[in-house]
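Could you build the full structure based on these sequences and the hints that come with them?
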Amino acid sequence: MREWWSKVSQALHRRRGFDDDLSEEMRAHLDLITDENMERGMAPDEARASARRHFGNLMTTQENTREAWQFPRFETVLQDIRYGLRGIRNAPAFSLAVILTLALGIGANTAIFSVVYSVLLRPLPYPHGERLVRLGESAAQASGIAVTWVNFQHWRAESTAFEDMGAATGADFTLTGRGDAVIVHAMLVTPSIFQLTAMTPVLGRLFTDAEDKPGAAPTVVITPEFWQSRLGGDRNVIGESLELNGTLYEIIGVLRPAAKYLWRSTDAFLPLGRAQNPAARRSDHRSIRGLGLLKRGATAAEATANLDAIMRRLAQSDPGPEDDHRSYVAYLAEETTGRDLRTTLLILMGAVGLVLVIACANVVSLLLVRSTARAREIAVRVAIGAGRARLARQLLTENLVLALIGGALGLLVAAWCLRTLIFIGPRDIPRLTGATLDLPVLLFATTISAAVGLLAGLAPILNAGRVDLTTTLKEGSPTSGAGRGGQAFRSTLVVAEIAMTLVLAFGSGLLIRSLVAAQSADPGFDAHHLLAVELQLPRSRYFSDDSVRDYYERLSQNLRAEPGVQDVGLVMCPPGAGDCGDIWYSFLEKPTPTRDDVPLSLFNIVDHNYFRAAGMHIIAGRAFTEADRAGSVPVTIIDEELTRHVFGNPQLAIGKHLKVGGPYVDGPTLEIVGVVADVSQMSLDDPHEPAFYYPFSQKPDSAMVVMMRTSADPAHSTSAARRAVSAVDRNVPIQSLRTAEDWLGATLERRRFATLLLGLFGSLAIVLASVGIYGVLNYWVIARQKEIAIRLAVGAPRSAILRWTGFHATRLAAMGIALGAIGAWGASRWLKSLVFGVSADSPAMMLLAGAAVIAFAAVAASLPVWRAVQTDPVRNLHEA
Amino acid sequence: MSTVDDLCKSLEFLQGTLEVLILRSLHAAPNHAYGISQFLERQSDYAFAVDNGSLYPALQRLLQRRWITSQWKTSPNGRRAKYYRLTPLGRRQLLAEKSKWMRFVEAMSRVLAPER
Numbered sequence: 001m002r003e004w005w006s007k008v009s010q011a012l013h014r015r016r017g018f019d020d021d022l023s024e025e026m027r028a029h030l031d032l033i034t035d036e037n038m039e040r041g042m043a044p045d046e047a048r049a050s051a052r053r054h055f056g057n058l059m060t061t062q063e064n065t066r067e068a069w070q071f072p073r074f075e076t077v078l079q080d081i082r083y084g085l086r087g088i089r090n091a092p093a094f095s096l097a098v099i100l101t102l103a104l105g106i107g108a109n110t111a112i113f114s115v116v117y118s119v120l121l122r123p124l125p126y127p128h129g130e131r132l133v134r135l136g137e138s139a140a141q142a143s144g145i146a147v148t149w150v151n152f153q154h155w156r157a158e159s160t161a162f163e164d165m166g167a168a169t170g171a172d173f174t175l176t177g178r179g180d181a182v183i184v185h186a187m188l189v190t191p192s193i194f195q196l197t198a199m200t201p202v203l204g205r206l207f208t209d210a211e212d213k214p215g216a217a218p219t220v221v222i223t224p225e226f227w228q229s230r231l232g233g234d235r236n237v238i239g240e241s242l243e244l245n246g247t248l249y250e251i252i253g254v255l256r257p258a259a260k261y262l263w264r265s266t267d268a269f270l271p272l273g274r275a276q277n278p279a280a281r282r283s284d285h286r287s288i289r290g291l292g293l294l295k296r297g298a299t300a301a302e303a304t305a306n307l308d309a310i311m312r313r314l315a316q317s318d319p320g321p322e323d324d325h326r327s328y329v330a331y332l333a334e335e336t337t338g339r340d341l342r343t344t345l346l347i348l349m350g351a352v353g354l355v356l357v358i359a360c361a362n363v364v365s366l367l368l369v370r371s372t373a374r375a376r377e378i379a380v381r382v383a384i385g386a387g388r389a390r391l392a393r394q395l396l397t398e399n400l401v402l403a404l405i406g407g408a409l410g411l412l413v414a415a416w417c418l419r420t421l422i423f424i425g426p427r428d429i430p431r432l433t434g435a436t437l438d439l440p441v442l443l444f445a446t447t448i449s450a451a452v453g454l455l456a457g458l459a460p461i462l463n464a465g466r467v468d469l470t471t472t473l474k475e476g477s478p479t480s481g482a483g484r485g486g487q488a489f490r491s492t493l494v495v496a497e498i499a500m501t502l503v504l505a506f507g508s509g510l511l512i513r514s515l516v517a518a519q520s521a522d523p524g525f526d527a528h529h530l531l532a533v534e535l536q537l538p539r540s541r542y543f544s545d546d547s548v549r550d551y552y553e554r555l556s557q558n559l560r561a562e563p564g565v566q567d568v569g570l571v572m573c574p575p576g577a578g579d580c581g582d583i584w585y586s587f588l589e590k591p592t593p594t595r596d597d598v599p600l601s602l603f604n605i606v607d608h609n610y611f612r613a614a615g616m617h618i619i620a621g622r623a624f625t626e627a628d629r630a631g632s633v634p635v636t637i638i639d640e641e642l643t644r645h646v647f648g649n650p651q652l653a654i655g656k657h658l659k660v661g662g663p664y665v666d667g668p669t670l671e672i673v674g675v676v677a678d679v680s681q682m683s684l685d686d687p688h689e690p691a692f693y694y695p696f697s698q699k700p701d702s703a704m705v706v707m708m709r710t711s712a713d714p715a716h717s718t719s720a721a722r723r724a725v726s727a728v729d730r731n732v733p734i735q736s737l738r739t740a741e742d743w744l745g746a747t748l749e750r751r752r753f754a755t756l757l758l759g760l761f762g763s764l765a766i767v768l769a770s771v772g773i774y775g776v777l778n779y780w781v782i783a784r785q786k787e788i789a790i791r792l793a794v795g796a797p798r799s800a801i802l803r804w805t806g807f808h809a810t811r812l813a814a815m816g817i818a819l820g821a822i823g824a825w826g827a828s829r830w831l832k833s834l835v836f837g838v839s840a841d842s843p844a845m846m847l848l849a850g851a852a853v854i855a856f857a858a859v860a861a862s863l864p865v866w867r868a869v870q871t872d873p874v875r876n877l878h879e880a
Numbered sequence: 881m882s883t884v885d886d887l888c889k890s891l892e893f894l895q896g897t898l899e900v901l902i903l904r905s906l907h908a909a910p911n912h913a914y915g916i917s918q919f920l921e922r923q924s925d926y927a928f929a930v931d932n933g934s935l936y937p938a939l940q941r942l943l944q945r946r947w948i949t950s951q952w953k954t955s956p957n958g959r960r961a962k963y964y965r966l967t968p969l970g971r972r973q974l975l976a977e978k979s980k981w982m983r984f985v986e987a988m989s990r991v992l993a994p995e996r
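Taken in sequence, the protein lines are chains A and H.
Mapping the first sequence onto the numbering used here, position 30 (from 1) lands on 30, and the numbers just tick up by one.
One gets the numbering used here by counting positions in the second sequence from 1 and adding 880 to each.
Hints are computed from structural coordinates only; laboratory data are not their basis.
Ideal Cβ positions, reconstructed from N, Cα and C, are used throughout, including at glycine.
Some hints could be false.
Claimed, not checked - One-sided excerpt, in silico: chain A residues whose CB lies under 8 Å from chain H:
#1 D35
#2 E749
#3 F753
Said to hold, decoys possible - Quick list of in silico lysine to any residue cross-link-like pairs, SDA-like style, CA-CA up to 25 Å:
#4 K295(A) - Y331(A)
#5 K962(H) - F55(A)
#6 K962(H) - R798(A)
#7 K699(A) - D340(A)
#8 K962(H) - K699(A)
#9 K962(H) - E63(A)
#10 K962(H) - Y331(A)
#11 K953(H) - I33(A)
#12 K962(H) - A171(A)
#13 K953(H) - F55(A)
#14 K953(H) - D35(A)
#15 K980(H) - F55(A)
#16 K962(H) - R40(A)
#17 K962(H) - L32(A)
#18 K953(H) - A171(A)
#19 K953(H) - G17(A)
Said to hold, decoys possible - A few chain H residues that don't get close to chain A, going by computed Cβ distances all over 10 Å:
#20 H912
#21 F919
#22 Y936
#23 V991
#24 L992
And the structure:
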């Protein structure tokens with residue numbers, strides 16, 4: 001490459017030197033012949049003239065020699081580029097239109113691609129990240145659930161498909177003895193996790209297999225973030241101790257800062273095996289996540305088969321309640337992204353791709369118009385001997401120059417878009433913030449620019465190849481060359497643009513409608529003026545159920561006493577917080593389901609004030625009361641969704657009994673005392689899932705969310721809440737403090753993001769397509785102005801002209817709409833997973849999108865049609 | 881294309897022959913373009929007429945392939961001229977080309993000879 005460039009620059013520098021040298025050499029040549037002629041006795045003038053004759057054509061010789069000289073091809077390319085640049089200067093409006101269109105199309109595509117690349121395609125930042133898999137168990141009702149420690153041990157020892165295997169689980173500890181109590185987010189891991197995720201110590205060491213056994217001395221490896229923020233980056237911490245939940249753990253190492261944690265942000269790593277009960281059974285789940293490194297060449301499917309065989313063997317040798325469980329193996333790269341996000345991003349990529357195609361169609365039609373206007377110039381070139389290949393190369397170079405300028409500008413657009421995308425993008429998209437315009441993205445941008453240049457450039461060239469010399473040169477009118485073929489091709493472009501725009505308009509319409517539906521969806525409770533304080537009681541201080549009950553009772557009372565607080569309730573998992581756990585269930589009064597058909601339900605814990613405080617409606621029966629106490633009959637309240645399938649009428653559920661765990665797993669039997677309205681537990685735009693509620697008094701939990709109903713803006717009550725929490729016990733940390741609306745609103749972040757982008761692409765498409773329609777129709781009218789003038793002159797009424805041009809425009813629009821409807825129908829299947837509150841193939845939405853596109857097309861077409869109708873026959877025919 | 885006066889008598893160069901002939905002419909001694917054309921015409925008993933429109937591009941091609949080099953020098957009669965000289969690479973090339981052409985000529989004449 002460098003050698004090539006040095007040749008080029010040398011060539012450029014030497015170009016003038018070469019010409020001078022050659023002229024001098026030829027002059028010397030002539031002198032030599034002249035000398036000889038004079039020696040033969042000729043007069044000087046005659047001698048020189050004869051030498052000239054003898055030498056031959058000086059110019060041809062010089063030109064042929066230069067051609068033989070270095071980089072003639074390169075020289076002509078440079079010439080074409082210069083010519084192209086001159087063309088841009090000569091037709092600034094045309095060039096600006098092309099460049100801006102391309103910059104928008106390429107810029108939007110590059111920005112989205114860099115997101116897709118960063119989120120979906122970029123390899124995981126671990127050695128052999130492509131072979132890392134997540135391991136779990138799968139049962140009839142759920143796949144990818146946690147693996148039990150016992151099963152994991154068997155897998156690790158007996159499987160043949162893996163190079164290495166590790167396991168991890170998250171746990172929060174309360175750190176005491178160093179100022180205020182703080183929550184420490186820890187991961188319990190097997191030592192192999194460090195190798196699998198390339199974590200190394202910067203100080204001290206990591207734990208060994210011996211330290212990962214029950215009964216080993218407690219050790220902890222801390223992260224550099226925790227070391228800096230909590231321990232002041234003190235290099236002498238190795239050997240010191242951390243008091244976690246009342247136990248002293250020896251700090252044996254600090255991780256290197258570059259480490260990338262596989263799961264959440266983590267403060268400390270503890271050995272997982274040490275925390276296991278040696279007497280645990282094969283069915284004792286403790287939400288352990290497995291991580292495996294496949295052997296080179298092994299696939300996830302092979303690994304699944306391998307682990308399934310082990311599970312079947314274990315079912316024989318160590319039978320238990322979960323003998324039907326099999327394994328779950330999924331590539332980590334796909335797993336971290338998640339299916340929904342993958343679909344969303346691919347849909348966005350497809351949409352922005354369509355925008356690019358529309359932009360291309362516009363550019364092609366612009367180039368066609370221009371090349372028609374240049375038909376005469378091209379004909380002249382052909383007439384004076386330009387070869388077809390040479391001509392094609394020149395036109396292609398010109399278009400490439402345009403496309404590359406557009407691409408370069410597109411990169412600027414992309415850089416700006418990307419910054420905005422990352423800024424407005426939802427926080428929960430993994431690796432979004434890592435999106436940059438790096439090498440693969442630049443390659444992508446260059447490739448699409450070049451491809452667009454070539455594709456857009458090819459059409460006019462094919463057209464130019466067909467230039468009919470004689471007619472073009474003779475007629476010399478600007479519309480010559482606008483033959484039937486060229487016009488048909490441009491019409492096809494318009495039809496395609498309308499079709500693609502309809503698809504995009506339909507898609508973005510669906511998403512906007514879904515967003516509106518989701519935003520106005522009834523969350524099932526009153527989210528206004530509700531403040532949520534998330535707490536986690538340190539287990540070392542609140543070990544007994546009574547102490548937990550007592551703490552929350554005192555806190556509730558204190559909060560109630562605060563001015564502006566109307567009501568206070570407790571809930572484990574507030575609406576919008578997602579899944580706090582699900583479990584099998586059955587009803588004693590209903591037929592016993594078979595083992596594979598035991599249904600799952602979410603469960604939640606609330607105190608007797610919660611439904612009232614949150615504004616949730618009791619549909620049948622009663623709410624929890626103070627009478628539901630630790631020793632009284634175990635009761636539950638179920639939600640509407642749960643009654644719907646089984647009982648039909650909510651009233652029928654009262655007094656029946658819910659068996660937690662279903663018929664085959666141990667669990668308490670609860671009497672149903674009430675039915676409560678559904679709430680948006682996962683998010684506003686997810687279908688309701690069945691749920692049942694435990695009374696807090698009968699199943700206290702140390703991690704609860706205190707919901708405060710305030711009389712004014714809940715933001716004013718945050719400091720009161722902090723004060724009250726700290727007044728009851730300053731060793732209890734607040735995990736989070738935000739309004740219920742924030743909890744709920746956060747669940748729509750992704751939907752807003754996708755809708756905003758698709759809406760943007762849809763509007764961009766409509767604008768581009770309108771410009772395209774205008775351009776083509778306008779040209780169609782200009783090319784027919786003379787014909788129209790003649791028609792008018794021989795007595796056609798203007799309404800006939802209107803009908804004629806209007807019919808042409810309408811025909812194109814109708815074809816485009818028909819094609820687009822088919823495309824939109826196809827796209828709707830793809831969009832199904834993103835659509836909420838409206839059916840994906842909604843005919844109303846199709847009509848609306850069609851109407852919008854037609855309206856824009858009509859506006860774009862009206863100007864050319866008006867121009868056609870207003871044609872002045874006298875002036876037009878005189879001019880011609 | 882030839883501009884030599886006795887156009888009808890002179891032979892056209894076959895494709896690729898001019899270059900090997902130039903190499904041959906430089907084998908004797910470095911020479912300038914006019915000298916090369918004179919050498920070739922004289923050696924062929926004026927059967928070949930060298931056209932400058934072909935000679936100069938051919939020289940350029942040989943320079944590009946690094947078979948010859950050029951240098952400005954003063955000729956014996958006091959004129960400055962650009963002299964071409966064979967490079968070792970060109971010398972090897974000449975040998976290869978020469979044997980190729982000899983075989984070609986032999987084969988041609990064997991086929992074209994009237995009786996045998």
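Right, here's what the structure says about each hint:
{"no.": "1", "hint": "D35", "in the structure": "6 Å, holds"}
{"no.": "2", "hint": "E749", "in the structure": "64 Å, violated"}
{"no.": "3", "hint": "F753", "in the structure": "59 Å, violated"}
{"no.": "4", "hint": "K295(A) - Y331(A)", "in the structure": "13 Å, holds"}
{"no.": "5", "hint": "K962(H) - F55(A)", "in the structure": "16 Å, holds"}
{"no.": "6", "hint": "K962(H) - R798(A)", "in the structure": "78 Å, violated"}
{"no.": "7", "hint": "K699(A) - D340(A)", "in the structure": "35 Å, violated"}
{"no.": "8", "hint": "K962(H) - K699(A)", "in the structure": "105 Å, violated"}
{"no.": "9", "hint": "K962(H) - E63(A)", "in the structure": "19 Å, holds"}
{"no.": "10", "hint": "K962(H) - Y331(A)", "in the structure": "72 Å, violated"}
{"no.": "11", "hint": "K953(H) - I33(A)", "in the structure": "17 Å, holds"}
{"no.": "12", "hint": "K962(H) - A171(A)", "in the structure": "88 Å, violated"}
{"no.": "13", "hint": "K953(H) - F55(A)", "in the structure": "21 Å, holds"}
{"no.": "14", "hint": "K953(H) - D35(A)", "in the structure": "17 Å, holds"}
{"no.": "15", "hint": "K980(H) - F55(A)", "in the structure": "31 Å, violated"}
{"no.": "16", "hint": "K962(H) - R40(A)", "in the structure": "24 Å, holds"}
{"no.": "17", "hint": "K962(H) - L32(A)", "in the structure": "12 Å, holds"}
{"no.": "18", "hint": "K953(H) - A171(A)", "in the structure": "90 Å, violated"}
{"no.": "19", "hint": "K953(H) - G17(A)", "in the structure": "18 Å, holds"}
{"no.": "20", "hint": "H912", "in the structure": "7 Å, violated"}
{"no.": "21", "hint": "F919", "in the structure": "13 Å, holds"}
{"no.": "22", "hint": "Y936", "in the structure": "4 Å, violated"}
{"no.": "23", "hint": "V991", "in the structure": "33 Å, holds"}
{"no.": "24", "hint": "L992", "in the structure": "32 Å, holds"}
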